[in-house]
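Protein chains: 2
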Amino acid sequence: MNCCENCPRGQLIVISGPSGVGKGTVVSLILETYNGFSRSKSLTTRPRRDRDPNDEKYEFCDRDTFNKRFEEGDILERTEYGGNYYGTIRSELEKGVEEGKNILMEIDVNGALQIKRLYPHAILICLLPDKFSDLITRLRTRGTEDPENMKIRLDEAKKEITYFHEFDYVVVNSSGKAAKAAEEIVGIVHADSLRTARHNEFYKELLDSLNSEGSGCPDANDN
Amino acid sequence: MNCCENCPRGQLIVISGPSGVGKGTVVSLILETYNGFSRSKSLTTRPRRDRDPNDEKYEFCDRDTFNKRFEEGDILERTEYGGNYYGTIRSELEKGVEEGKNILMEIDVNGALQIKRLYPHAILICLLPDKFSDLITRLRTRGTEDPENMKIRLDEAKKEITYFHEFDYVVVNSSGKAAKAAEEIVGIVHADSLRTARHNEFYKELLDSLNSEGSGCPDANDN
Numbered sequence: 684m685n686c687c688e689n690c691p692r693g694q695l696i697v698i699s700g701p702s703g704v705g706k707g708t709v710v711s712l713i714l715e716t717y718n719g720f721s722r723s724k725s726l727t728t729r730p731r732r733d734r735d736p737n738d739e740k741y742e743f744c745d746r747d748t749f750n751k752r753f754e755e756g757d758i759l760e761r762t763e764y765g766g767n768y769y770g771t772i773r774s775e776l777e778k779g780v781e782e783g784k785n786i787l788m789e790i791d792v793n794g795a796l797q798i799k800r801l802y803p804h805a806i807l808i809c810l811l812p813d814k815f816s817d818l819i820t821r822l823r824t825r826g827t828e829d830p831e832n833m834k835i836r837l838d839e840a841k842k843e844i845t846y847f848h849e850f851d852y853v854v855v856n857s858s859g860k861a862a863k864a865a866e867e868i869v870g871i872v873h874a875d876s877l878r879t880a881r882h883n884e885f886y887k888e889l890l891d892s893l894n895s896e897g898s899g900c901p902d903a904n905d906n
Numbered sequence: 684m685n686c687c688e689n690c691p692r693g694q695l696i697v698i699s700g701p702s703g704v705g706k707g708t709v710v711s712l713i714l715e716t717y718n719g720f721s722r723s724k725s726l727t728t729r730p731r732r733d734r735d736p737n738d739e740k741y742e743f744c745d746r747d748t749f750n751k752r753f754e755e756g757d758i759l760e761r762t763e764y765g766g767n768y769y770g771t772i773r774s775e776l777e778k779g780v781e782e783g784k785n786i787l788m789e790i791d792v793n794g795a796l797q798i799k800r801l802y803p804h805a806i807l808i809c810l811l812p813d814k815f816s817d818l819i820t821r822l823r824t825r826g827t828e829d830p831e832n833m834k835i836r837l838d839e840a841k842k843e844i845t846y847f848h849e850f851d852y853v854v855v856n857s858s859g860k861a862a863k864a865a866e867e868i869v870g871i872v873h874a875d876s877l878r879t880a881r882h883n884e885f886y887k888e889l890l891d892s893l894n895s896e897g898s899g900c901p902d903a904n905d906n
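As you go down the protein sequences, you meet chains W and U in turn.
What the first sequence shows, in my numbering, is residues 684 to 906, in sequence order.
What the second sequence shows, in my numbering, is residues 684 to 906, in sequence order.
Hints in this document: simulated from the structure, not taken from any laboratory.
Source: prediction; values computed, not measured.
Errors might be hidden in some of the hints.
Where chains are identical, the list cannot tell them apart; a pair therefore holds if satisfied intra-copy or between any two copies.
As the list claims (entries may be wrong) - When the alpha-carbon atoms are kept at most 16 angstroms apart in a straight line, the in silico EDC-like pairs for lysine to aspartate or glutamate are as follows:
(1) Lys-841 to Asp-891
(2) Lys-740 to Asp-791
(3) Lys-863 to Asp-747
(4) Lys-724 to Asp-747
(5) Lys-863 to Asp-813
(6) Lys-740 to Glu-715
(7) Lys-863 to Asp-791
(8) Lys-860 to Asp-817
(9) Lys-740 to Glu-843
(10) Lys-740 to Glu-888
(11) Lys-863 to Asp-829
(12) Lys-814 to Glu-884
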């Protein structure tokens, strides 16, 4: 099966889960380690941080520009978080999938559910900690959160986790095992590429070959 | 996530597809190469062949015994094929899954659809040839089929293939690449084990840990 020729469109993989669970680390690991993956690009009104990599993850803008592009329909979902807007840039996303890239979206639970409504074939993966104490440790280590902010994040995590069953898959990002989580996600994406729903073209070709070859065989060629 | 502790039940994997596609070869390869898999056992009225391995694939019996066990409810699906009955032994199947084994069922399309109705969580995999000419070659090489029988098998294959979309996954068994097909099936099974629907226990435990740990944090421990 020439899977790529029959299914030229890439897959949309939504990596979600509570803040601090390590979405960014796992997504970066996939991008560094495996071929065929790209990251979706988001528009945000949050200020650029020193440690923001100079890559394609964010495009920064002010609130007016954000709202304008949202109204124009180029922002897929608008999430407000810590007083800033975040949203995926639709044109870039669809172009990537069209080119056959597997696009990783690293978004919060609310955004993930919105994406699933727009793209029912998107693969929703919920990244979770082994235990919630891991999450608290990670938020502390990050050092950018004051206690107030951290409480808000944990309360949000509690709310988010109730949407567990809206996700297709759950992957656990245990402390120090991000490579395993990355490998599992890549495995899920590969398995998903084998779903019958993604192979209508292959099915039609097989039916054609069967009708043309099967009818004359086996007797006709049986010397 | 202690996936195995939370989900002690194994998975039921139905490998189906037209006669001659290589179901047996692929299933044997999985059993030889990967841990944690077993084969389901069938009851059949077909005569034992010289090349039947002396393993657990078939239990042979006469037609009366078959019918009696079918009526008793121990035969999951009854398929008549080439004048003989075939059916999966229910008690052995359920015992295996209960013990946490991943049970591979190698059955025809008709049987596969019956299994899905009984066990909605079963993973239905359609094994197909790259091209239908491969199938004809394989049936010829097998040498146990006379032209008459081969025509019947090809006509059955045409009928079977129309059920393509009832299957969850399609795996292509290209000539000489059975190991790749086996690897893909194992990947599908692993990805399926990460479906949220299989992790209710993990979800509940996480919620509990969140409610007990999250409420006192972060302030209480923040010295």
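Hints, one by one, checked against the model:
1. For a Cα distance limit of 16 angstroms, the shortest separation of Lys-841 from Asp-891 across copies, 10 angstroms, qualifies, whereas the shortest one inside one copy, 53 angstroms, does not.
2. Within a single copy, Lys-740 and Asp-791 get their C-alpha atoms as close as 15 angstroms, which meets the 16 angstroms cut-off; across copies the closest is 48 angstroms, which misses it.
3. Taking the closest pair of Cα atoms, Lys-863 and Asp-747 never come within 16 angstroms of each other, the shortest separation being 41 angstroms inside a single copy and 53 angstroms across copies.
4. For the homomeric pair Lys-724 and Asp-747, neither the shortest alpha-carbon distance inside one copy (19 angstroms) nor that between copies (66 angstroms) is at most 16 angstroms.
5. When the C-alpha separation of Lys-863 and Asp-813 is checked against a cutoff of 16 angstroms, the pair qualifies only within one copy, where the shortest distance is 13 angstroms, while the shortest distance between copies is 32 angstroms.
6. Taking the closest pair of Cα atoms, Lys-740 and Glu-715 come within 16 angstroms of each other only inside a single copy of the chain (14 angstroms); across copies the shortest separation is 44 angstroms, beyond that limit.
7. Neither within a single protomer nor between protomers do Lys-863 and Asp-791 lie at most 16 angstroms apart by alpha-carbon distance, with minima of 21 angstroms and 36 angstroms respectively.
8. In the homo-oligomer, the alpha carbons of Lys-860 and Asp-817 lie at most 16 angstroms apart inside one protomer (12 angstroms), although the nearest pairing across protomers, at 43 angstroms, exceeds that limit.
9. In this assembly of identical chains, the alpha carbons of Lys-740 and Glu-843 never lie at most 16 angstroms apart, being 23 angstroms within a copy and 47 angstroms across copies at closest.
10. Taking the shortest Cα distances, Lys-740 and Glu-888 never come within 16 angstroms of each other, neither inside one copy (39 angstroms) nor across copies (33 angstroms).
11. When the C-alpha separation of Lys-863 and Asp-829 is checked against a cutoff of 16 angstroms, the pair qualifies neither within a copy, at 30 angstroms, nor between copies, at 51 angstroms.
12. Within a single copy, Lys-814 and Glu-884 get their C-alpha atoms only as close as 44 angstroms, which misses the 16 angstroms cut-off; across copies the closest is 13 angstroms, which meets it.
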